Amino acid sequence: MASEDGSAQLAPAIPIRGIRMKFAVLLGLVQAGEVSSRDIVETVFNLLVGGQFDLEMNFIIQEAESIVCMVELLDKCEGTCQAEVWSIFTAVLKKSVRNLQACTDVRLIQLVLERIDNTDSMIADLLVDMLGVLASYSITVKELKLFFSKLQGEKGQWPPHAVKLLSVLKSMAHRTGPDAFFTFPGKSAAAIALPPIAKWPYQNGFTFHTWLRMDPINNINVDKDKPYLYCFRTSKGLGYSAHFVAGCLIVTSLKSKGKGFQHC
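Going by my numbering, the sequence shown opens with residue 360, and the numbers climb by one from there.
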């Protein structure tokens, strides 16, 4: 697909299987000089969210592996293009815990720290801002060791961007979430599955205490999301369940087909 300025653009909907293959095609266009910086930025974020990117409506990263592909692609892009992508990407991370978790899964902090020495001052500023966001969510021991290695000077000289990286230490101390948690992205099998329960109420069971945090898919259709807290139903749909709609928890009980009640 060609853009208005005549450059080629990769559409996420084209029949190419696998996120790595799609980024490989985009990389080929970049190396051939057949795609503009604007189209690179647009296509990268469309691939990340698996559709038409929108910072308010569609900003959830669908495949964590696409983040690695993005980093590898940016290695081949010009500085202005990198700056725009990292600036928008940091904003995307702040929109959803699921995006932060996806970055944690692929060790994005490590990928960035391995590259930061070779970036110019403008890109380094953007990367440090993003590292602060990621480090306030989660950072591994290995990543922390790598981080401190970037602060070790040689022959009385600071390493590149070491002073900038010091600001990330402040972010690490300002964690707002729990130390241990489950994350359920709303995809198939994203739940705690229990073995079949022969009868209800279950006498020899266990108690599970937890805080809940809702992470809407977008900022517009919050009232349309119906995430389930629990679901204890038979194959015929009878039983008990509870789901959220906006700020309400709706408990449903179906004892027979067509007979039951809901309570908010």
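Quick caveat, the hints were computed from the structure, so don't treat them as lab data.
Given the structure is predicted, the values throughout are model-derived calculations rather than measurements.
One or more of the hints may lead you astray.
[Stated by the list, open to error] Here are the simulated DSS-like pairs of lysine-lysine, each with C-alpha atoms no more than 27 Å apart in a straight line:
hint, residue 1, residue 2
1, K381, K523
2, K529, K501
3, K504, K558
4, K501, K523
5, K595, K614
6, K453, K514
7, K514, K558
8, K504, K529
9, K523, K546
10, K509, K546
11, K453, K381
12, K523, K558
13, K501, K558
14, K501, K616
15, K585, K453
16, K504, K546
17, K558, K509
18, K546, K585
19, K454, K529
20, K453, K558
21, K509, K453
22, K595, K558
23, K595, K618
24, K529, K546
25, K509, K435
Cross-check of the supplied hints:
{"no.": "1", "hint": "K381 <-> K523", "result": "violated, 34 Å"}
{"no.": "2", "hint": "K529 <-> K501", "result": "holds, 19 Å"}
{"no.": "3", "hint": "K504 <-> K558", "result": "violated, 51 Å"}
{"no.": "4", "hint": "K501 <-> K523", "result": "holds, 20 Å"}
{"no.": "5", "hint": "K595 <-> K614", "result": "holds, 11 Å"}
{"no.": "6", "hint": "K453 <-> K514", "result": "violated, 38 Å"}
{"no.": "7", "hint": "K514 <-> K558", "result": "violated, 72 Å"}
{"no.": "8", "hint": "K504 <-> K529", "result": "holds, 16 Å"}
{"no.": "9", "hint": "K523 <-> K546", "result": "violated, 38 Å"}
{"no.": "10", "hint": "K509 <-> K546", "result": "violated, 38 Å"}
{"no.": "11", "hint": "K453 <-> K381", "result": "holds, 26 Å"}
{"no.": "12", "hint": "K523 <-> K558", "result": "violated, 60 Å"}
{"no.": "13", "hint": "K501 <-> K558", "result": "violated, 47 Å"}
{"no.": "14", "hint": "K501 <-> K616", "result": "violated, 55 Å"}
{"no.": "15", "hint": "K585 <-> K453", "result": "holds, 22 Å"}
{"no.": "16", "hint": "K504 <-> K546", "result": "violated, 34 Å"}
{"no.": "17", "hint": "K558 <-> K509", "result": "violated, 58 Å"}
{"no.": "18", "hint": "K546 <-> K585", "result": "holds, 13 Å"}
{"no.": "19", "hint": "K454 <-> K529", "result": "holds, 21 Å"}
{"no.": "20", "hint": "K453 <-> K558", "result": "violated, 44 Å"}
{"no.": "21", "hint": "K509 <-> K453", "result": "holds, 25 Å"}
{"no.": "22", "hint": "K595 <-> K558", "result": "holds, 15 Å"}
{"no.": "23", "hint": "K595 <-> K618", "result": "holds, 13 Å"}
{"no.": "24", "hint": "K529 <-> K546", "result": "violated, 34 Å"}
{"no.": "25", "hint": "K509 <-> K435", "result": "holds, 23 Å"}
Checked against the numbered hints given earlier, this structure breaks hints 1, 3, 6, 7, 9, 10, 12, 13, 14, 16, 17, 20 and 24; the rest are met.
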